[in-house]
Amino acid sequence: MHHHLILRVVTKLLCGAIILFAFYVQFHGDFSPGGGFQAGVIMAVAFIVYGIVFGVDQVQRVFPPWAVHKLVALGVLVYAGTGIATMFLGYEYLDYTAFKPYYPSGGQHRGILYVELGVGITVTGVMVAIYYAFASRPPVISDEEW
Amino acid sequence: MQIFIDIVLFTMLTCTAIAIVRTRSLFAIVMLSGVFSLLSALLLVTLDAVDVAFTEAAVGAGISTVLMLGTLALTSRMEKPSSHSSFVPFLVVVVTGAALVYGTLDMPHFGDPNAPAQVHVAPDYLKRSVKEIDVPNVVTAILASYRGFDTLGETAVVFTAGIAVLMLISGLRRRREDEETDEDGTDGQDSHGQTDMNDKENS
Numbered sequence: 001m002h003h004h005l006i007l008r009v010v011t012k013l014l015c016g017a018i019i020l021f022a023f024y025v026q027f028h029g030d031f032s033p034g035g036g037f038q039a040g041v042i043m044a045v046a047f048i049v050y051g052i053v054f055g056v057d058q059v060q061r062v063f064p065p066w067a068v069h070k071l072v073a074l075g076v077l078v079y080a081g082t083g084i085a086t087m088f089l090g091y092e093y094l095d096y097t098a099f100k101p102y103y104p105s106g107g108q109h110r111g112i113l114y115v116e117l118g119v120g121i122t123v124t125g126v127m128v129a130i131y132y133a134f135a136s137r138p139p140v141i142s143d144e145e146w
Numbered sequence: 001m002q003i004f005i006d007i008v009l010f011t012m013l014t015c016t017a018i019a020i021v022r023t024r025s026l027f028a029i030v031m032l033s034g035v036f037s038l039l040s041a042l043l044l045v046t047l048d049a050v051d052v053a054f055t056e057a058a059v060g061a062g063i064s065t066v067l068m069l070g071t072l073a074l075t076s077r078m079e080k081p082s083s084h085s086s087f088v089p090f091l092v093v094v095v096t097g098a099a100l101v102y103g104t105l106d107m108p109h110f111g112d113p114n115a116p117a118q119v120h121v122a123p124d125y126l127k128r129s130v131k132e133i134d135v136p137n138v139v140t141a142i143l144a145s146y147r148g149f150d151t152l153g154e155t156a157v158v159f160t161a162g163i164a165v166l167m168l169i170s171g172l173r174r175r176r177e178d179e180e181t182d183e184d185g186t187d188g189q190d191s192h193g194q195t196d197m198n199d200k201e202n203s
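Protein chains in written order, with my numbering: chain A, 1 to 146; chain B, 1 to 203.
A hint or two may mislead.
Stated by the list, open to error - Each computed SDA-like pair below joins lysine to any residue, with the alpha-carbon atoms no more than 20 angstroms apart:
{"#": "1", "chain 1": "B", "residue 1": "Lys131", "chain 2": "A", "residue 2": "Val62"}
{"#": "2", "chain 1": "B", "residue 1": "Lys127", "chain 2": "B", "residue 2": "Asn114"}
{"#": "3", "chain 1": "B", "residue 1": "Lys127", "chain 2": "B", "residue 2": "Pro113"}
{"#": "4", "chain 1": "A", "residue 1": "Lys70", "chain 2": "B", "residue 2": "Glu154"}
{"#": "5", "chain 1": "B", "residue 1": "Lys127", "chain 2": "A", "residue 2": "Ser32"}
{"#": "6", "chain 1": "A", "residue 1": "Lys12", "chain 2": "A", "residue 2": "Val62"}
{"#": "7", "chain 1": "A", "residue 1": "Lys70", "chain 2": "B", "residue 2": "Val130"}
Unchecked claim - Quick look at which bits of chain B chain A covers, simulated, 3 or more residues with Cβ under 8 angstroms:
{"#": "8", "stretch": "138 to 146"}
{"#": "9", "stretch": "153 to 166"}
Simulated from the structure, these hints should not be mistaken for lab results. Just so you know, even glycine gets a beta-carbon here, dropped at the ideal spot from N, CA and C.
All chains, full assembly: derive it from the sequences and hints.
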């Protein structure tokens, strides 16, 4: 897509805004619509848009496949690790009161933040990984046929 | 006003669905399915289910459209005309649709406060979450705290699906690179490229 100047400029402008919006949805999910699933998808969209306009090779220089594959597993580990942490603190699995026993709803806030972060990381990783898997294959249709 | 918006949205939804069925160009179908998801998201907004609408807009209209386009680049551009008679499928669709419409007669009315979904655990969550979780968005409180195990399971499902796709498709990518180093390069453009690649790896 080297001849689409407007697309390339707009994409460069938009990518930062999309990532910022993803962080907003991620960390403001307790107060407004959104959460880990939506934020992960929006975060992945930033990289996918970049990959569509500039090519998969360019986006893989920013976000290499090995890092994406690590993120896929890291998110689940963060989520499950939160549960393990609450067990080590002497409470039940995923009982977030453990983080602040003297202020239970504060502990809940913190636990929700951790598990939503885990969800967001996994969803980002999976979406980008699936996009890479598809986009890295040789296209059968040439660009002009669209 | 609410009824008017609902009627307009459902009409557009039906038109989109009919257009998807009638169109042969796969590119147009993928775009129309994105439109379908967006209209569904709007309907969910009118139902005050903004979290679900958000997910539908991001996943249904955004990511899945892109992934469908990525898949489309690997196949042909037009749907092949069906050689079978369309009478039996039409009959099945009509009968199933009639059964579903008959089933809706038993459902509670739109916005009914006494619907089973409104009187079971929902009031309990709404009452308790203010004191116990103290998070303005009750959906997040239920999702991440009251039903933390469910969400852990969902995350594991997303993880498993991602791993499965990677194992299915990235393995092919490695084979392609092997093939490119072979300096052979005759296949890959035709529909038999796939089997050629498999043969090459077996040999």
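Verification of the hints:
1. Lys131(B) / Val62(A): Outside the cut-off at roughly 44 angstroms; violated.
2. Lys127(B) / Asn114(B): holds (17 angstroms)
3. Lys127(B) / Pro113(B): holds (16 angstroms)
4. Lys70(A) / Glu154(B): Between Lys70(A) and Glu154(B) the Cα gap is close to 19 angstroms, so the pair holds against 20 angstroms.
5. Lys127(B) / Ser32(A): Roughly 19 angstroms between the alpha carbons, so the hint for Lys127(B) and Ser32(A) holds.
6. Lys12(A) / Val62(A): holds (13 angstroms)
7. Lys70(A) / Val130(B): Violated: Lys70(A) and Val130(B) sit about 37 angstroms apart, past 20 angstroms.
8. 138 to 146: It holds, with 6 qualifying residues against the three required.
9. 153 to 166: Since three or more residues must qualify, the claim that chain A covers the stretch 153 to 166 of chain B holds, with 10 doing so at under 8 angstroms.
Violated hints, in rising order: 1, 7; the structure is consistent with all others.
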